[in-house]
Structures are given as structure tokens and as C-alpha cells.
Amino acid sequence: MGPVELLHMSVFSQSFSPCGRFLAASNNYGEIAVFSLSSSLSPEATGINQKPILTFTAHEGPIFALLSTDAHLLSAGNGEISAWSWAELAKRNPKAVWIRRPQYKSSLEIPEINDMIVNCRDNSLAVGGGDNNIHIMDLETGVFKSVLQGHTDYIHCLSMREREGELLSGGEDGAVRIWDCRTGQSVHRLEVYKYEECARPQYGKWISCLTTDSDWMLCGGGPSLSLWHLRSLSPTSIFPLSGCQRQAMFYQDLILSVGEGHFLSHCLLGGDVKSLIPCSPPSLNTVALNTNSTEHRVSVTGHVSQGTPEAGRMPGRAATRLSLASFLQVLTVGGSSDQIDVFTNLSYKAFSLSF
Amino acid sequence: MSDEVIRKRLLIDGDGAGDDRRINVLLKSFVKWCHSAAPEEGFTQYQRMLGTLAQCEFSMGKTLLVYDMNLREMENYEKIYTDIEQSITAAHEKIAECKKEILRAKRIRKNRQEYDALAKVIQQHPDRHETLKQLEALDKELQQLSRIKENVEDKLELRKKQFHVLLSTIHELQQTLENDEKSENDESQDSPMENGQMSIVAFSLYGETEETQPVVNKQVELADNVLRLTEERYLPVPYRTPGGGHPPGPVEQPECCVWASEFPHFLLNRVL
Numbered sequence: 001m002g003p004v005e006l007l008h009m010s011v012f013s014q015s016f017s018p019c020g021r022f023l024a025a026s027n028n029y030g031e032i033a034v035f036s037l038s039s040s041l042s043p044e045a046t047g048i049n050q051k052p053i054l055t056f057t058a059h060e061g062p063i064f065a066l067l068s069t070d071a072h073l074l075s076a077g078n079g080e081i082s083a084w085s086w087a088e089l090a091k092r093n094p095k096a097v098w099i100r101r102p103q104y105k106s107s108l109e110i111p112e113i114n115d116m117i118v119n120c121r122d123n124s125l126a127v128g129g130g131d132n133n134i135h136i137m138d139l140e141t142g143v144f145k146s147v148l149q150g151h152t153d154y155i156h157c158l159s160m161r162e163r164e165g166e167l168l169s170g171g172e173d174g175a176v177r178i179w180d181c182r183t184g185q186s187v188h189r190l191e192v193y194k195y196e197e198c199a200r201p202q203y204g205k206w207i208s209c210l211t212t213d214s215d216w217m218l219c220g221g222g223p224s225l226s227l228w229h230l231r232s233l234s235p236t237s238i239f240p241l242s243g244c245q246r247q248a249m250f251y252q253d254l255i256l257s258v259g260e261g262h263f264l265s266h267c268l269l270g271g272d273v274k275s276l277i278p279c280s281p282p283s284l285n286t287v288a289l290n291t292n293s294t295e296h297r298v299s300v301t302g303h304v305s306q307g308t309p310e311a312g313r314m315p316g317r318a319a320t321r322l323s324l325a326s327f328l329q330v331l332t333v334g335g336s337s338d339q340i341d342v343f344t345n346l347s348y349k350a351f352s353l354s355f
Numbered sequence: 001m002s003d004e005v006i007r008k009r010l011l012i013d014g015d016g017a018g019d020d021r022r023i024n025v026l027l028k029s030f031v032k033w034c035h036s037a038a039p040e041e042g043f044t045q046y047q048r049m050l051g052t053l054a055q056c057e058f059s060m061g062k063t064l065l066v067y068d069m070n071l072r073e074m075e076n077y078e079k080i081y082t083d084i085e086q087s088i089t090a091a092h093e094k095i096a097e098c099k100k101e102i103l104r105a106k107r108i109r110k111n112r113q114e115y116d117a118l119a120k121v122i123q124q125h126p127d128r129h130e131t132l133k134q135l136e137a138l139d140k141e142l143q144q145l146s147r148i149k150e151n152v153e154d155k156l157e158l159r160k161k162q163f164h165v166l167l168s169t170i171h172e173l174q175q176t177l178e179n180d181e182k183s184e185n186d187e188s189q190d191s192p193m194e195n196g197q198m199s200i201v202a203f204s205l206y207g208e209t210e211e212t213q214p215v216v217n218k219q220v221e222l223a224d225n226v227l228r229l230t231e232e233r234y235l236p237v238p239y240r241t242p243g244g245g246h247p248p249g250p251v252e253q254p255e256c257c258v259w260a261s262e263f264p265h266f267l268l269n270r271v272l
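For the protein sequence lines, the chains are L and X, in the order given.
All the letters of the first sequence, read from the start, carry residue numbers 1 to 355 under our numbering.
All the letters of the second sequence, read from the start, carry residue numbers 1 to 272 under our numbering.
Incorrect hints may appear among the rest.
List of simulated lysine to any residue pairs, SDA-like, C-alpha gap at most 20 Å [said to hold, decoys possible]:
no., chain 1, residue 1, chain 2, residue 2
1, L, Lys274, L, Phe263
2, X, Lys110, L, Gly270
3, L, Lys349, L, Ser38
4, X, Lys100, L, Leu254
Sample of chain L residues lacking proximity to chain X, with all beta carbon distances greater than 12 Å (derived) [claimed, not checked]:
no., residue
5, Leu67
6, Val97
7, Arg163
8, Arg200
9, Arg231
10, Pro278
It is worth saying that the hints were derived from the structure and are not from the lab.
The beta carbon of each residue, even a glycine, is placed where N, CA and C say it ideally should be.
Just chain L, same shape as in the assembly:
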């Protein structure tokens, strides 16, 4: 990987392993790099720990979506979905468990897959991409059960509304559609650009980032990032962020969002931008939070002393074990550079992993 390729590399998506110790990141050359978080976060980490433990070419085209299930890493590129076993990847053995392709209507052009999401209720995978449809695949059998049609332009992002079992999709046509997973019908259609407080006609009407926590929804892209109350389908707060947001997430009482611009924005639910944390890539594509890890780091303090044979009264000291909570719960951001920034504390960037 020469310096020119590194310069032109963009990280499009990331995913943490189910155990929380590894991070997989994908780029526009179709490669996936697996980094070991436990070694790069340990106190004895050196430069070599910030390089991936494994890099392999997974697809021919850019990989826009990565997703981790309980045991597999799913990657979507070049119109097909491949599954890799995390256990094998940890052992540096990249071998695809299965490769599947949804049925596309036209065989001439292969539409790209922009986003994937797992529906835990019925163990299915929803895949949305360039052919304006969402394909639902059953994860156990691998059969593509149904197609959700409705968008008039390609789909950028998907999100799952766990409590009601609904799927949200946002696309280039500016519409956020809410689909009922069981019937496969579009329940609602929100055209965000039609609301004048959100709309930014100078950027367009496309929706590129969508996330929900069942009651509230964040969506942004061409229109400004806005918080919607889903039951009344009304926008409640608009965030005054310049640039188009590409990914947003809810975290505790904050909203984290990345997009154009080399910073990660922290916003409050009321519509204020609390802070902008600078990062190394000039424009950010993806942000991920490691919530899988519940491992506790054990560190030894105290000393071990041995009693002298004569004075034998001094007791041997046992090592005192103290635990620091979840040191692997980090936030990582990636964008249009080969560096992936790691945040151990949300307020500042700790170090960077590089491809």
C-alpha cells in the first residue's frame, strides 16, 4: 500500500467484535483491517500496536457497510454480502463463511449496498442500497424473504426501531420511510426537506444519517440534523451544524454526530451544540462506540514482601487487585484519511490507529 493509496484512502465504516476486543474497519479499496483494541489500549502499547493485526481484501469495490452479529462480521461491497467469522479473524485467518447477493432486477448494473441492519426479533438482515429497495434476508437460512419498495432514489441509511418492530430508511429522495417489519408496508413517509425549519436547499434534500431510539429519531444530510418525535412525527429540535452530517448516535444524554468537517460534534437534545472535538481526518464518515465490552482491566498495586526466617513475624503481603471499569469502552471515528481516531474519554482524542 503505497503512500499515494494511503493518501486517497477513506474509511467508510467500522464495527466492533462481539467480545469488544477487536475493531474492524473498511475502506474504499475493498479492504478490511482488524485492529486489536486490547493491545493498543494497554499501557505498554507502542507504534506497532496501532497497526492492524490483519488486513485483507474482502470485496472488489468499496465497502460501505460493516455489521457484527454474535459470531460473524458481515461486510457489504460490490453488491454482495460476505460473512467472516470473528474467531477466525482474531486468529488472522480471513476466510468467508458465506457470500450472498440479493436479487437485483437489472443484471447489467450492480447496485451498491449502502447500509445493513439486523432485526433481532426475527433474526433477519435488512440491506438497502442503490436499487432503491430494501432487501430482507433471513440470517439462518440465507434466503431473501422480501423486498420493501417505495423509495424513488437510492437508500443511504437504515435504522431499527426496536420497540415497535419498525424499520426506518432514509434515502436520496429526501424521504424517511417507516416500514412495518411484519407486513412489509410503508407506514409513514416523512419528507424532511418540506419542513422549512430543517430544510437547507443549498445542500439538497437527501438524508444520509438516520438513527432512532424508539421514541426519537435523528435525521440529517442535506437538511440540517434534526431531532424528531416519532409519535407525533414532528421536528422538535434543529441542530445548527454546518456541513452535512453522515452519522449520528444517541449516547447517554448527548447526541454525537460526524459529517463534513474534521470534528465530532456533541449536541444536547435541546438543540444546542455543546462542543466540537477536533479529529485528524478532514472529513468524517463513521463513528462507533464500543458497547460490547464489559471486561474489566485488572492492575496490581501494593507490594509483595517476604518475612525473614529469623523475624518470621512479618506476614507475606498479598497483591492488591483493583479493577478499573471497562477500559475498552472507546469511541472511534474514521473518515477520509487512513487514520482512525480513538477516544478513551469523549472529550479528546487519545491516539490514532492507522490502516
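Take the given structure of chain L and dock chain X to it, following the hints.
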């Protein structure tokens, strides 16, 4: 085992000065004193030995005290160590508690902000009490207006009935007059007295109508217009009388009717 002892002894007193030497000197002097003959020298040597022994004992006492002190210091340090350990664990627990507290506080803050956001949206809608009051006022107005409408409708109904009566009477009269005319023309001049009155009246009427025909026509027209106007004024939509009839159409021009000519005036006075 002996290595340890040797090592320890070398460490403590390797250079041969101090207690070890004193003990060796004591032993040597003891042996010499045992072998010596002269009693005064023996006595001084004995005294010297006692002194040395006292020194040794003193040194030993000192070492014992130091040893005790070390033991006590060790205990003290042990105690401090356990105290510090306890406070560290307490601090850790407190940290964990505080972290939980902060999570709870963040959740509360998030809820508050969600509430605020929703409240902002709700505030944009008008107050419920206001709207209810407006609705009540509108209801009252509506009731009032419907009452007025009812009244007017009743009035119109009445007028219609009156007009109907009038016009049917006119029509009847007209018929009667025609009949009388016809019978008069057919019969001879000496008509029975029953018809006399009628015929005289009819004749007089008929005679008079020659001049008053246009007037009568005009007055009947007027009655017509009044009826139509009343209809238009009080009934914007076509209205059906309860009897199933329809509003009386325009009246055919009666050919004679001075008696009828009185009525339009009478009617006009009553209606207007």
C-alpha cells in the same frame, strides 16, 4: 544454613570492630586470666573483664531495645498500610457510586431535555381553554342564529299560508264570477233574486272592471310581487309547505275583481 549465618554476621560486623571483637577479646582475656599467676594483675584483669562483660551486656540490651522498636514500627506501618488500603477501596466504591449517580443524572437530564423539546412543539399550538371558550361562543351564536332562522321560517310559513288562502279565494271568486257571467249570458234577463244580488254585484263589478281592469291587474301583480319578495327574503332555498303543496305559482290575471282589488291593499298593509 551456616552460609546465612556467615553472611549475616559479615553484614553486621564484617570489619571485626565492635561487639564481635569485644566478645573475642573477652574470651581471650578470660583464658589469659585463668592462666595468669599474679593475684593483683589477676584482679585488674578480672575487673577489666567485668567491664568488658558489662559493655557487652549493655550492647546486647541496646540491640534488644532496637529490635523491639523495629517490631513496633513494623506494626505501625502495617496498621497504616491497612488503613490506606481500606481508604483506597472506599474511594473506589465511592467512584463507582458516583459513576452510577452520574449515569442517573444524565438520564434525568436527557428526559428533561426531551420534555422541553416536546413542550416547545406543544406550545406552538393554541391553548385548549381558549379554543374551548371560542367553541362555546360559536355554539351559542349558532344556536341564536338557528333560533332566528326558525322564527323567520315560521313567519314565512304563515305568510305563505295567508297568501295561499288569499289567492285561492281570488281564484274561487274568479271562477264564480265567470260562472255567473256565463249563466247570466245564457239565462234571460229576469234572473232569480238569489242570483240578483250576486249578479248585480257581479254586474257592477263587471261594469266597473272595464275601467279598473288595468288597476286591478296592477294590484294583483303587486300581490304577486309581494309574495315572491317574501319568498326570496325569508327563503333563500326552495321551500316545501308542510301540506305537500308547492308555493303558489304566479296568479293568472283575474279578469275582474274590484273586491279583489281591495285585498292587495289590505294584504300589503298586513304584510309590510
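Legend entry - Pair hint Lys110 of chain X and Gly270 of chain L, alpha-carbon separation not exceeding 20 Å: Given pair Lys110 of chain X, Gly270 of chain L holds - Cα atoms ~9 Å apart, limit 20 Å.
Inset, instruction - Classify the label on Arg200 of chain L as holds or violated, using whether its beta-carbon is more than 12 Å from each beta-carbon of chain X. - result: holds, 20 Å
Inset, instruction - Against chain X, does Arg231 of chain L hold up as non-interface, every C-beta pair farther apart than 12 Å? - result: violated, 10 Å
Inset, instruction - Quick one: work out the minimum CB distance from Leu67 of chain L to chain X and report holds if it exceeds 12 Å, violated otherwise. - result: holds, 26 Å
Legend entry - Given as non-interface: Val97 of chain L, partner chain X, CB spacing beyond 12 Å: Its Cβ never comes within 12 Å of chain X, the nearest being 37 Å, so this holds.
Legend entry - 20 Å limit on alpha-carbon distance, applied to hinted pair Lys274 of chain L and Phe263 of chain L: holds, 13 Å
Inset, instruction - Decide if the proposed pair is consistent with the structure: Lys100 of chain X and Leu254 of chain L, CA atoms, cutoff 20 Å inclusive. - result: holds, 17 Å
Legend entry - Consistency of the no-contact label for Pro278 of chain L, given chain X and a CB cut of 12 Å: holds, 24 Å
Legend entry - Closest CB of chain X to the CB of Arg163 of chain L still more than 12 Å away: Check passes; 15 Å lies beyond 12 Å.
Inset, instruction - Sort out whether Ser38 of chain L lies within 20 Å of Lys349 of chain L, counting only the CA atoms. - result: With Cα atoms ~17 Å apart, Lys349 of chain L and Ser38 of chain L stay inside 20 Å; holds.
When each numbered hint is compared with the structure, a violation occurs for hint 9 only.
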